[in-house]
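**Q** Below, each chain spelled out in residue letters.
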Amino acid sequence: MTEILQTSPEIGGMGHSVKRKEDPRFIRGKGEYIDDLTLPGMLWLDIVRSPYAHATIKGIDASEALKIPGVAAVVTGKDLEGYKLHWMPTLAGDMQMVLPTDTVMYQSQEVAAVIATSRYAAADGVAAVLVDYEPLPVVVDPHKSLEKDAPVLRPDRGEDKKTNHIWHWESGDKAAADAALEASDVRVAEDIYIPRIHVASIETCGCIADWDPVRQQLTLHMTSQAPHAIRTVLALVAAGAGLPISEQNIRVKTHDIGGGFGGKVPVYPGYVLAVAASFLIGKPVKWIEDRSENLQADSFARDYHIHAEIGATREGRIQALKVKTIADHGYSDAAADPSKFPAGLFNVITGSYDFDKAFVEVDGVYTNKPPGGVAYRCSFRVTEAVHAIERMVDILAHDVGKDPAQLRLENFIKPDQFPYKTPTGWEYDSGDYGRALHKALDLIGYADLRKEQAEKRARGELMGIGISSFTEIVGAGPSHDFDILGLKMFDSCEIRVHPTGKVLARIGVQTQGQGHETTFAQIIAQELGFPVADIKIEYGDTDTAPYGLGTYASRSTPVAGAATAVAARKIRDKARKLAAHLLEASEEDLEWTPGEFHVKGSPDRKKTIQEIAFAAYTNHPAGMEAGLEAVDYYDPPNLTFPFGSYICVVDIDKGTGEVKVRRFVAVDDCGNIINPMIVDGQIHGGLTMGLAPALYEQITYDENGNNLTGTFMDYLLPTAVETPAWELEKTVTPSPHHPIGAKGVGESATVGAPPAIANAVVDALWHLGVRNIDIPITPPKVWAILHEKGIA
Amino acid sequence: MTTQHITLTVNGEARDADVEPRLLLVHLLRDVFGLTGTHIGCDTSNCGACTIHVNGQSAKSCTMLAVQADGAEVRTIEGMVAGTELHPLQQAFWDQHGLQCGFCTPGMIMQAAWLLDQNPQPSEAEIRAGISGNLCRCTGYVNIVKAIQQAAGELQASASAPAAAGEAVAAEA
Numbered sequence: 001m002t003e004i005l006q007t008s009p010e011i012g013g014m015g016h017s018v019k020r021k022e023d024p025r026f027i028r029g030k031g032e033y034i035d036d037l038t039l040p041g042m043l044w045l046d047i048v049r050s051p052y053a054h055a056t057i058k059g060i061d062a063s064e065a066l067k068i069p070g071v072a073a074v075v076t077g078k079d080l081e082g083y084k085l086h087w088m089p090t091l092a093g094d095m096q097m098v099l100p101t102d103t104v105m106y107q108s109q110e111v112a113a114v115i116a117t118s119r120y121a122a123a124d125g126v127a128a129v130l131v132d133y134e135p136l137p138v139v140v141d142p143h144k145s146l147e148k149d150a151p152v153l154r155p156d157r158g159e160d161k162k163t164n165h166i167w168h169w170e171s172g173d174k175a176a177a178d179a180a181l182e183a184s185d186v187r188v189a190e191d192i193y194i195p196r197i198h199v200a201s202i203e204t205c206g207c208i209a210d211w212d213p214v215r216q217q218l219t220l221h222m223t224s225q226a227p228h229a230i231r232t233v234l235a236l237v238a239a240g241a242g243l244p245i246s247e248q249n250i251r252v253k254t255h256d257i258g259g260g261f262g263g264k265v266p267v268y269p270g271y272v273l274a275v276a277a278s279f280l281i282g283k284p285v286k287w288i289e290d291r292s293e294n295l296q297a298d299s300f301a302r303d304y305h306i307h308a309e310i311g312a313t314r315e316g317r318i319q320a321l322k323v324k325t326i327a328d329h330g331y332s333d334a335a336a337d338p339s340k341f342p343a344g345l346f347n348v349i350t351g352s353y354d355f356d357k358a359f360v361e362v363d364g365v366y367t368n369k370p371p372g373g374v375a376y377r378c379s380f381r382v383t384e385a386v387h388a389i390e391r392m393v394d395i396l397a398h399d400v401g402k403d404p405a406q407l408r409l410e411n412f413i414k415p416d417q418f419p420y421k422t423p424t425g426w427e428y429d430s431g432d433y434g435r436a437l438h439k440a441l442d443l444i445g446y447a448d449l450r451k452e453q454a455e456k457r458a459r460g461e462l463m464g465i466g467i468s469s470f471t472e473i474v475g476a477g478p479s480h481d482f483d484i485l486g487l488k489m490f491d492s493c494e495i496r497v498h499p500t501g502k503v504l505a506r507i508g509v510q511t512q513g514q515g516h517e518t519t520f521a522q523i524i525a526q527e528l529g530f531p532v533a534d535i536k537i538e539y540g541d542t543d544t545a546p547y548g549l550g551t552y553a554s555r556s557t558p559v560a561g562a563a564t565a566v567a568a569r570k571i572r573d574k575a576r577k578l579a580a581h582l583l584e585a586s587e588e589d590l591e592w593t594p595g596e597f598h599v600k601g602s603p604d605r606k607k608t609i610q611e612i613a614f615a616a617y618t619n620h621p622a623g624m625e626a627g628l629e630a631v632d633y634y635d636p637p638n639l640t641f642p643f644g645s646y647i648c649v650v651d652i653d654k655g656t657g658e659v660k661v662r663r664f665v666a667v668d669d670c671g672n673i674i675n676p677m678i679v680d681g682q683i684h685g686g687l688t689m690g691l692a693p694a695l696y697e698q699i700t701y702d703e704n705g706n707n708l709t710g711t712f713m714d715y716l717l718p719t720a721v722e723t724p725a726w727e728l729e730k731t732v733t734p735s736p737h738h739p740i741g742a743k744g745v746g747e748s749a750t751v752g753a754p755p756a757i758a759n760a761v762v763d764a765l766w767h768l769g770v771r772n773i774d775i776p777i778t779p780p781k782v783w784a785i786l787h788e789k790g791i792a
Numbered sequence: 793m794t795t796q797h798i799t800l801t802v803n804g805e806a807r808d809a810d811v812e813p814r815l816l817l818v819h820l821l822r823d824v825f826g827l828t829g830t831h832i833g834c835d836t837s838n839c840g841a842c843t844i845h846v847n848g849q850s851a852k853s854c855t856m857l858a859v860q861a862d863g864a865e866v867r868t869i870e871g872m873v874a875g876t877e878l879h880p881l882q883q884a885f886w887d888q889h890g891l892q893c894g895f896c897t898p899g900m901i902m903q904a905a906w907l908l909d910q911n912p913q914p915s916e917a918e919i920r921a922g923i924s925g926n927l928c929r930c931t932g933y934v935n936i937v938k939a940i941q942q943a944a945g946e947l948q949a950s951a952s953a954p955a956a957a958g959e960a961v962a963a964e965a
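Quick note, the sequences are listed as chains D and V, same order. With our numbering applied, the first sequence covers 1 to 792. With our numbering applied, the second sequence covers 793 to 965.
Please note that the accuracy of each hint is not assured.
Claimed, not checked - Pairs of lysine to aspartate or glutamate residues, derived as DMTMM-like cross-links and limited to a Cα-Cα distance of at most 25 Å, are as follows:
id	chain 1	residue 1	chain 2	residue 2
1	D	Lys570	D	Glu3
2	D	Lys30	V	Asp835
3	D	Lys174	D	Asp354
4	D	Lys730	V	Asp887
5	D	Lys30	V	Glu805
6	D	Lys19	V	Glu877
7	D	Lys283	D	Glu461
8	D	Lys30	V	Asp887
9	D	Lys30	V	Glu877
10	D	Lys660	V	Glu916
11	D	Lys84	D	Glu247
12	D	Lys253	V	Asp823
13	D	Lys58	D	Asp156
14	D	Lys402	D	Asp481
15	D	Lys21	V	Glu877
16	D	Lys324	D	Asp185
17	D	Lys421	D	Asp354
18	D	Lys30	D	Asp290
19	D	Lys30	D	Glu538
20	D	Lys19	V	Asp835
21	V	Lys938	D	Asp702
22	D	Lys19	V	Glu865
23	D	Lys421	D	Asp442
24	D	Lys451	D	Asp653
25	D	Lys30	V	Glu870
26	D	Lys148	D	Glu596
27	D	Lys283	V	Asp887
28	D	Lys21	V	Glu805
29	D	Lys451	D	Glu461
30	D	Lys574	D	Asp604
31	D	Lys536	V	Glu916
32	D	Lys536	V	Glu877
33	D	Lys660	D	Asp714
34	D	Lys19	V	Glu946
35	D	Lys730	D	Asp448
36	D	Lys67	V	Asp810
37	D	Lys30	V	Asp823
38	D	Lys439	D	Glu32
Calculated from the structure, these hints are not laboratory results.
Next comes chain D alone, as it looks inside the complex:
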C-alpha cells in the first residue's frame, strides 16, 4: 500500500463523499432494467412449474396450450434432450436440470416452457399445459437424507454414488482439536441451525436472449453479477451441444441491475430456456420471473446444521474449537463457491479469536428442495461461520460468568500478532479488534446499559445486550487457491485517457447498486488527479469490458479496485515520461501531486495531467508509443479481512414475544475508505439484511416439500417500521497488501449483525435457562419459551 494523498473536492479522490453519478437516471425513472427492454419481434417465455417436490412425469400434453392465440411453442425436457441441453453444469461443478425428462426434484421446478407473442398469452399457455405426475417419496430433512433407507435422489451420478451424500470437506487438525478439548476445563457444545433464506433482491431475475441466425450472433441481455463467466459457460455448453455459438459471437449485457446479493450469480434454467428458444425460433425471447417463482425456485442461501464445541480454561481463555456441519444443498449443489472450497470459506470460523487448535468439517447433502447454496450478501459461507463462533463465545462467557465484552477482549488476536495465521490455514492481513470493540462499548454506553438491565430484570422486565466482534474474509481471490470452474478469480480494469483529458474506464466487475460508476471513478481521480466528473466508468458488456469474474463476495474493491489503482499507476508512469519530455527534465527530478507533475524545488515548472494527456496524442517523444491507456489484471496476493464490533440492545414484549431492537451500534473497519457516504449506505443496507434473517426471514417446507414461504405474504422482508435507526462508527486499519489499503465493505454488516441480535435476545433470557435460540427469532418462538417458563 502506498500513501493516500489528499485530493481537492473538485478532483474528488478517496475520502470524499461524492454524490453518485448513477443516480440522475434512477431518480427520474430512467434506469434500464432488464424488463424495461423491448426488442423488435420479441417473444415471451413463461414456465410451467411442478406442484410436487418429487414426482415422475408420466406425460406432458401441450395440445390445448398450442391452440391459444399467440402461443408459438411449448418446449419440454424431451425437446432439449435432442440437443443435450436438458442438463447443465452448476458453478459448483454439479449438474442441474434445465427441464426434466422424467422426474421433478422440487416444488416449483421448471417442467416446460411456453413461448408466445405476449406476456399474457404465455401465461395462458402455462395454465393450459397438462402434466401427468406420479408422486414419489419426498426427502426434506438432510439428516434423514443420509440414512441408509433414504431414496437415492440423484441416480444420474452413477452406480458408485448411490447415496445422497455429495461431498465431505474438512480443515484443521482433528486429533489436536480433540486433545485440546479433552484437556479443557470448560467445554461448551451447542446445535445451531442457520436457516434457509433467500436474497430477494427487489428486481427478480430475467433475460432477453437474442439469436441472430444471419450473423450467428447471440446477445444475452441478463441480470447477472458475473457476465464474463456466464459468456464462457454458455460457449462451453454450446460447444458440448454441438451448437454453432462460439465465444466471440456471444455478447452478455447486464444493463442496470436491481440488487444482486448473490442471487444473480448462478445460471438459472430460465436463462438457458430463453437462449434455446431464441436459437430455435430465431427471434428475441424474454423471460422475467415472478416474485413467487424467484422465492420458490432460485438459489437459496445458508441451510447449515451446525454442531459446535468450544473448550476453554476456567478463566475463559479459549483453546480449542470443533465444528461438524450438515449442509443442505437441495437436489443439486448449485453453490457459487470457488472450486477448492465446497463449503466456502466456512473455516474462517475461528473468527477474531486466538485459537490454538481447531477442526471443522462439513458434509453436503441432497434433499428435495431447490438447488443452491449461494451467498446472501456474504462471502462464501462466512455468515454461517461468524454466527456460530459469536454465539459460542457468548455462551462460553455466560457459562464462566464473565462479561461477554471482557471475554472477547481477553481472547482477541492482538494487533502485534498480524499478519496472523489461523489454525485452519488463513493469514489475516491486519486488525485491531480491541479498538473497535472499545469504541462500540463507549458509543453505546455499555456500563450504564448493564446497570439498566439489572434494574429491569429485578422488576421482571426483559432487556438484553448482545455483542458480535466479527472478522470477514473477502476479496476472492489469489489464483493459487481460487477459481470457479477453472477460471481464476483475478479481476480487471482498462483505462483510456482521451486527448482532451477525459477518461473512459472499463471494469471486470459489475454494479448491482453499489455505486461503481462513482467509486471506481474516485480511485482513478485519486491516482491520476482527473476530476471525478471527467471519468466515465463502464461495465457489464462482455464485448467491451476486460475479462473479470464479477461482483460478489465483496470482491469489487479488493480485486477490481486494486486493478483500477494499478492500471492508473501504469498511466501515471507513462505520464511521468511525457512530463519529463515536455518539461525537458529528467524523470527522477519530477514530483507528483494529485493532477500534476512539477520539477522538484520549482513548483511553477509543471504540467497538468490534462496537458500531459493532450501531449500523448499530439507531442509524444520519438520512440514512445502514442496514446495514454493501460489495462491491469490483478491477482491479489491474499484475501482481505474487514472486521468490526456490533452491539445491540433489545427489549422483549412479555405478552407477545416480540423482540424490539432499541439500539444498534456498528463499528466497522473496512480499511481505507473510498467514499464515506457510500460506505455508510452499504453498512445501513447490510445491517438490515442482517436484521432480516435474525428476526424475520426463513424459507420453510412442510413434510411433503411444499414451500410455505413462497411469496412476500409469508417471506417477511423488514420494512422501514421494523428497521432501527442504525448508529455507525469506524476505525481504519488499512490492508497492508492492497494498493489503496481498502478491504471491501458490502457484506460485513450482514455477516456481523445476526449474532449481535441473537446474543442480545439470549442475554435477555439467560437467567431463565435459555442458552440458544435459532434465528429467525420470531414472536411465536420467544412466546413459546416465555410460556414454558411461566412468564407469558
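Could you slot chain V onto chain D? The hints should help.
**A** Chain V only, in chain D's frame:
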C-alpha cells in the same frame, strides 16, 4: 379476447388504448405506454415498486386493472420532473444517498410524495409508517427517511414563500 377502449391522462398528457379487461395498470403503463420507470417487484402487492398516483391518491399499479383507470388522472415517476427541474424529493434522494440499486426508488418517491401531500410535516415515525408498504433491500431505509425529511423541509419553505417564487418566475419570463 375482447378489448375495451379507455382514455386517461398520464403525466398531464391525454392517452387512450384498447385493452383486455384483465390487463394490469402497471402493464399498461410499462408495456403499452413505454413508461418503464414504474417497476414490478412482487406478485402480492407487498413491495410497492409499482406505486403511482391515481387521481391524487397513492396506488399500487399492479393491484389495479387498466380499465379501472378509465377517465383517471395518473402520475408516474416520469411526471415528477418539472421541465428539467427535479422534484424536491428526487433531489433529496440524490443528496442523501437515498437509493442504491434504484429499483424501488420510483415507487418510494411516489409514495413519499403522497405522504408529504397528506402530512407535510411528518415525524420520523410517521415517515417510517408511511413508507412501510414499500420495500427496499439496499439502503436500510436510513437515508430514505433523511431524504423525505429534507424534501419536507424544502416543500414547506417553498410553500411559505409562494409570492417570492412567483416573482422569480415572472422575472425570468
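**Q** It remains to establish, for every hint, whether it holds in the given structure.
**A** Cross-check of the supplied hints:
1. D/Lys570 <-> D/Glu3: 17 Å, holds
2. D/Lys30 <-> V/Asp835: Cα-Cα ~23 Å, so holds.
3. D/Lys174 <-> D/Asp354: Holds, because 17 Å separates the two Cα atoms, which is no more than 25 Å.
4. D/Lys730 <-> V/Asp887: 22 Å, holds
5. D/Lys30 <-> V/Glu805: Measuring from Cα to Cα gives roughly 19 Å; hence the hint holds.
6. D/Lys19 <-> V/Glu877: 18 Å, holds
7. D/Lys283 <-> D/Glu461: 66 Å, violated
8. D/Lys30 <-> V/Asp887: Holds, because 18 Å separates the two Cα atoms, which is no more than 25 Å.
9. D/Lys30 <-> V/Glu877: Holds, at about 15 Å.
10. D/Lys660 <-> V/Glu916: Cα-Cα ~17 Å, so holds.
11. D/Lys84 <-> D/Glu247: 19 Å, holds
12. D/Lys253 <-> V/Asp823: Distance of about 21 Å is within 25 Å: holds.
13. D/Lys58 <-> D/Asp156: Holds, because 19 Å separates the two Cα atoms, which is no more than 25 Å.
14. D/Lys402 <-> D/Asp481: Not OK: D/Lys402 and D/Asp481 at ~39 Å, beyond 25 Å, violated.
15. D/Lys21 <-> V/Glu877: 17 Å, holds
16. D/Lys324 <-> D/Asp185: 21 Å, holds
17. D/Lys421 <-> D/Asp354: 10 Å, holds
18. D/Lys30 <-> D/Asp290: 22 Å, holds
19. D/Lys30 <-> D/Glu538: 17 Å, holds
20. D/Lys19 <-> V/Asp835: Violated: D/Lys19 and V/Asp835 sit about 33 Å apart, past 25 Å.
21. V/Lys938 <-> D/Asp702: Distance of about 42 Å is beyond 25 Å: violated.
22. D/Lys19 <-> V/Glu865: Status violated; Cα separation ~34 Å.
23. D/Lys421 <-> D/Asp442: 30 Å, violated
24. D/Lys451 <-> D/Asp653: The given pair, whose Cα atoms are some 20 Å apart, holds under the 25 Å limit.
25. D/Lys30 <-> V/Glu870: 8 Å, holds
26. D/Lys148 <-> D/Glu596: Answer violated: D/Lys148 to D/Glu596 is near 72 Å, above 25 Å.
27. D/Lys283 <-> V/Asp887: 43 Å, violated
28. D/Lys21 <-> V/Glu805: The given pair, whose Cα atoms are some 30 Å apart, is violated under the 25 Å limit.
29. D/Lys451 <-> D/Glu461: Roughly 13 Å between the alpha carbons, so the hint for D/Lys451 and D/Glu461 holds.
30. D/Lys574 <-> D/Asp604: At roughly 21 Å apart (the allowed maximum being 25 Å), D/Asp604 and D/Lys574 satisfy the hint.
31. D/Lys536 <-> V/Glu916: Roughly 37 Å separates the two Cα atoms, so the pair is violated.
32. D/Lys536 <-> V/Glu877: With Cα atoms ~24 Å apart, D/Lys536 and V/Glu877 stay inside 25 Å; holds.
33. D/Lys660 <-> D/Asp714: 20 Å, holds
34. D/Lys19 <-> V/Glu946: 19 Å, holds
35. D/Lys730 <-> D/Asp448: 22 Å, holds
36. D/Lys67 <-> V/Asp810: Satisfied, since the Cα-Cα distance of roughly 23 Å is no more than 25 Å.
37. D/Lys30 <-> V/Asp823: 15 Å, holds
38. D/Lys439 <-> D/Glu32: 42 Å, violated
In summary, the structure is inconsistent with hints 7, 14, 20, 21, 22, 23, 26, 27, 28, 31, 38 from the numbered list given earlier, while agreeing with the others.
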